[in-house]
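*Asks:* Just so you know, the sequences run in chain order A and D.
Position one of the first sequence corresponds to residue 1 (our numbering), numbered consecutively onward.
Position one of the second sequence corresponds to residue 212 (our numbering), numbered consecutively onward.
Please keep in mind that the hints were generated in silico from the structure rather than gathered at the bench.
One or more hints might be untrue.
As the list claims (entries may be wrong) - As a list, the in silico DSBU-like pairs of lysine-lysine whose alpha-carbon atoms are at most 30 Å apart: (1) D/Lys213 <-> D/Lys234; (2) D/Lys266 <-> A/Lys206; (3) D/Lys234 <-> D/Lys217; (4) D/Lys590 <-> A/Lys206; (5) A/Lys206 <-> A/Lys41; (6) D/Lys477 <-> D/Lys402; (7) D/Lys231 <-> A/Lys206; (8) A/Lys19 <-> A/Lys41; (9) D/Lys213 <-> D/Lys231.
As the list claims (entries may be wrong) - Here are the computed distance ranges between Cβ atoms for each label pair: (10) D/Arg589 <-> A/Ile48: 37 to 43 Å; (11) D/Val581 <-> A/Ile192: 47 to 53 Å; (12) A/Ala203 <-> D/Leu572: 30 to 36 Å; (13) D/Val222 <-> A/Gln209: 34 to 40 Å; (14) D/Val222 <-> A/Leu191: 29 to 35 Å; (15) A/Thr67 <-> D/Ser586: 40 to 46 Å; (16) D/Arg588 <-> A/Met186: 42 to 48 Å; (17) A/Ile48 <-> D/Ile273: 35 to 41 Å.
To be verified - Some but not every residue of chain A turned toward chain D, in silico, with C-beta under 10 Å: (18) Ile91; (19) Leu92; (20) Asn175; (21) Met179; (22) Met184; (23) Ala195; (24) Ile197.
Small disclaimer: the values here were computed from a predicted structure and weren't measured.
Where is the CB? At the ideal position from N, CA and C, for every residue including glycine.
The primary structure of each chain is shown beneath.
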Amino acid sequence: MSELFSKQNKEAFWQPLGKNNPVTVQVLGICSALAVTAQLKPALVMGIAVTIIVAFANVIISLIRNTIPMRIRIIVQLVVVATLVTIVNQILKAFVYDVSKELSVYVGLIITNCILMGRLEAFAMMNKPWPSFLDGLGNGLGYAKILIIVGFFRELLGSGTLLGFNVLNYECLQNIGYMNNGMMLMPAMALIVVACIIWWQRAHDKDLQEK
Amino acid sequence: MKSLRKYLDSVKPNFEKGGKYEKFSQTFEAFESFLYAPGTTNQGGVHVRDGVDLKRVISMVILALIPAAIFGIWNTGYQHYQMLGLEQSFWCNFWYGLTIFVPMMIVSYVVGLGIEFATAEIRHEQVNEGFLATGLLIPLVMPADVPLWMVAVATAFSVIFAKEVFGGTGMNIWNPALVARAFLFFAYPSKMSGDAVWYGEGEAVDGFTGATALSLANSNMELATSKYDFWNAFIGYMPGSIGETSALCILIGGVFLLLTGVASWKTMLSVFVGGGLTAFLFNQFGPATGIAQLPWYMHLVYGGFCFGAVFMATDPVTSCRTEAGKYIFGLLVGFVAILVRVLNPGYPEGMMLAILFMNTLAPTIDYFIVDRNISKRRKRALKTA
């Protein structure tokens with residue numbers, strides 16, 4: 001048991017949630033963070049989907065890492081990822097059709113998400129399955145965390161709702177002149193929200209500041 | 212005056228290092244040097260070449276804005292009572308305009324300067340005068356109806372994200388006043404454009420249509436040019452953002468800016484040439500829509516073209532710095548502005564977008580101009596060697 005949760009394994013899981021966050025520190029997966037975060041619900045689903053796919057792709061690649069010929073490893077990784085993405089896509093279509101429609105091509109485009117290839121190349125190819133699983137889980141959750149924060153602010157300020165429930169669209173608020181901010185629904189504002197998160201993180205973490 | 216000096220001297224120790232209000236040292240410094248010339252001189256190798264410093268440049272811009280601001284204040288009241296179907300005296304119009312303009316100006320100054328002072332204290336830098344012009348420009352490019360809290364949000368957004376994150380006055384890529392306007396334009400379009408936002412509150416009389424000259428020209432060019440003919444539009448009797456309507460007053464300010472050397476005539480002239488030429492080409496070869504057939508000289512006096520050309524495009528920080536670049540920059544601002552007006556019916560006015568777009572490209576233009584100059588001189592040097 002102690003080996004399962006050794007210091008190294010713990011770090012593989014916790015680092016990407018904080019200090020080595022794939023979105024805010026490594027600046028990977030920005031495209032989808034901008035595209036699907038106008039509402040909180042698709043952001044949430046996208047985060048979960050990516051978490052599952054990274055975690056399992058990491059495990060599978062880690063299991064067969066010694067048999068993959070070096071020259072064609074990218075193709076092998078892509079096949080694994082594409083299979084998982086297709087499975088997740090079908091599940092979404094079957095159970096939450098409206099969300100899958102909202103996410104449209106972005107579920108399919110998880111294949112091209114830099115976080116996936118990055119983790120497979122950098123971690124799963126040279127680590128055992130269990131640490132790889134934790135690493136994938138951590139990176140996926142780190143990505144999901146940022147998506148949820150961005151989605152939260154964009155939906156709250158842009159549409160006045162959260163997960164579709166009304167939060168700010170009341171007559172008394174509109175009477176004193178409050179209006180939803182249309183710019184929050186545009187991708188440009190998602191970029192600024194991500195930038196604010198990065199700003200906040202760097203201001204609080206001395207290690208991340210450039211000298 | 213002596214008692215003021217004495218008071219400042221008596222509270223000064225509190226703001227010095229180790230004092231009670233050490234955190235506010237920059238704020239104190241700003242007020243002191245605003246009221247009195249600083250008692251210290253520069254030390255070491257300084258390179259003062261000119262008596263014109265930032266404070267003086269900003270003061271010139273503010274002076275140049277005054278004619279447009281005064282006309283804008285009067286026109287706001289005039290348009291308001293036109294909507295109500297009333298004829299009012301000059302002072303009545305002016306007074307109504309003041310009740311719209313002054314609160315906006317106070318909000319933009321309080322929010323903007325508040326953020327400027329706060330960042331100056333955080334960075335231990337001196338507060339500078341850059342925002343004083345921006346704070347006056349912001350209410351001048353707003354429609355009369357925009358709520359004050361939106362002005363506050365837009366000012367905060369533009370000062371933080373368009374100015375301070377880049378390093379403050381002189382380091383910004385985009386004109387902060389235009390960023391504030393663009394933010395509101397995209398965030399709250401129903402309060403920033405359309406037919407009803409230019410008049411203040413009240414019920415319009417029957418038969419009153421509030422469309423601006425440009426949106427009218429979009430649908431019916433003849434009606435626009437007969438309702439707002441050239442001289443009316445030139446003097447400024449038309450609805451629009453507070454400061455943008457009067458080409459005459461803006462040009463008075465523009466001449467002042469040119470005489471004092473604050474703005475570059477190259478930028479200003481080439482904006483008009485670029486815009487006029489593009490509109491002229493659309494007149495000759497363009498589609499048969501109303502806005503494309505609007506005579507080119509009307510394009511120059513309608514909407515915010517003049518205001519943008521004189522006060523926004525010439526901003527020395529965000530426009531090109533090379534002399535040849537200023538021509539290219541200006542021509543393209545005029546070109547893009549007319550292009551947006553004519554080809555995108557969704558945006559009746561294109562000046563703001565054109566200037567922000569060209570602000571983005573200005574460093575690239577400068578880069579190529581400098582690069583070309585370097586290679587030209589290198590060739591010459593190699594030939595003589």
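*Asks:* Indicate, hint by hint, whether the structure satisfies it.
*Replies:* Cross-check of the supplied hints:
Taking the CA atoms of lysine 213 of chain D and lysine 234 of chain D, the gap is near 27 Å; set against the 30 Å cutoff, the hint holds. Restraint check for lysine 266 of chain D and lysine 206 of chain A: not satisfied, since their Cα atoms lie roughly 37 Å apart, outside the 30 Å limit. A hinted pair counts as satisfied when its Cα atoms are at most 30 Å apart, and lysine 234 of chain D with lysine 217 of chain D qualifies at roughly 22 Å. A threshold of 30 Å between alpha carbons decides the hint, and for lysine 590 of chain D with lysine 206 of chain A the separation of about 49 Å lies outside it, so the pair is violated.
Among the hinted pairs, lysine 206 of chain A with lysine 41 of chain A is inconsistent with the structure: their alpha-carbon atoms are about 33 Å apart, more than 30 Å. Under the criterion of a C-alpha separation no larger than 30 Å, the hint pairing lysine 477 of chain D with lysine 402 of chain D is inconsistent with the structure, at around 35 Å. For the suggested pair lysine 231 of chain D and lysine 206 of chain A, the alpha carbons sit about 28 Å apart, so the restraint of at most 30 Å is met. The straight-line distance between the Cα atoms of lysine 19 of chain A and lysine 41 of chain A is roughly 26 Å, inside the 30 Å bound, and the hint therefore holds.
Note on lysine 213 of chain D and lysine 231 of chain D: the hinted pairing holds, with a Cα-Cα distance of about 25 Å set against a maximum of 30 Å. Between arginine 589 of chain D and isoleucine 48 of chain A the beta carbons are some 59 Å apart, a value that contradicts the proposed interval 37 to 43 Å. In this structure the supplied range 47 to 53 Å is violated for valine 581 of chain D paired with isoleucine 192 of chain A, their Cβ-Cβ distance being about 31 Å. At about 31 Å, the beta-carbon gap between alanine 203 of chain A and leucine 572 of chain D stays in the expected band of 30 to 36 Å.
Between valine 222 of chain D and glutamine 209 of chain A the Cβ separation comes to about 36 Å, which falls inside the hinted range of 34 to 40 Å. A hinted range of 29 to 35 Å is violated for the C-beta pair valine 222 of chain D and leucine 191 of chain A, which are about 44 Å apart. For the pair threonine 67 of chain A and serine 586 of chain D, the beta carbons lie near 56 Å from each other, so the given range of 40 to 46 Å is not met. Checked against the hint of 42 to 48 Å, the C-beta distance between arginine 588 of chain D and methionine 186 of chain A comes to roughly 45 Å, which is consistent with it.
Range check, isoleucine 48 of chain A to isoleucine 273 of chain D: Cβ separation about 55 Å, and the 35 to 41 Å hint is violated. Taking 10 Å as the C-beta contact cut-off toward chain D, the hint placing isoleucine 91 of chain A at the interface is violated, the least distance being around 37 Å. For the restraint placing leucine 92 of chain A at the interface with chain D, the shortest Cβ-Cβ distance is roughly 31 Å, beyond the 10 Å limit, so the hint is violated. Evaluation of the asparagine 175 of chain A hint against chain D yields a violated restraint, the C-beta minimum of about 12 Å exceeding 10 Å.
Evaluation of the methionine 179 of chain A hint against chain D yields a held restraint, the C-beta minimum of about 5 Å falling below 10 Å. At about 7 Å, the closest approach between the beta carbon of methionine 184 of chain A and any beta carbon in chain D falls short of 10 Å, and the interface hint on this residue holds. A least Cβ separation of about 8 Å between alanine 195 of chain A and chain D falls short of the 10 Å threshold, and the interface hint therefore holds. A hinted interface residue such as isoleucine 197 of chain A counts as satisfied when its beta carbon comes closer than 10 Å to some beta carbon of chain D; here the least separation is about 14 Å, so the hint is violated.
The earlier numbered hints that this structure contradicts are 2, 4, 5, 6, 10, 11, 14, 15, 17, 18, 19, 20, 24.
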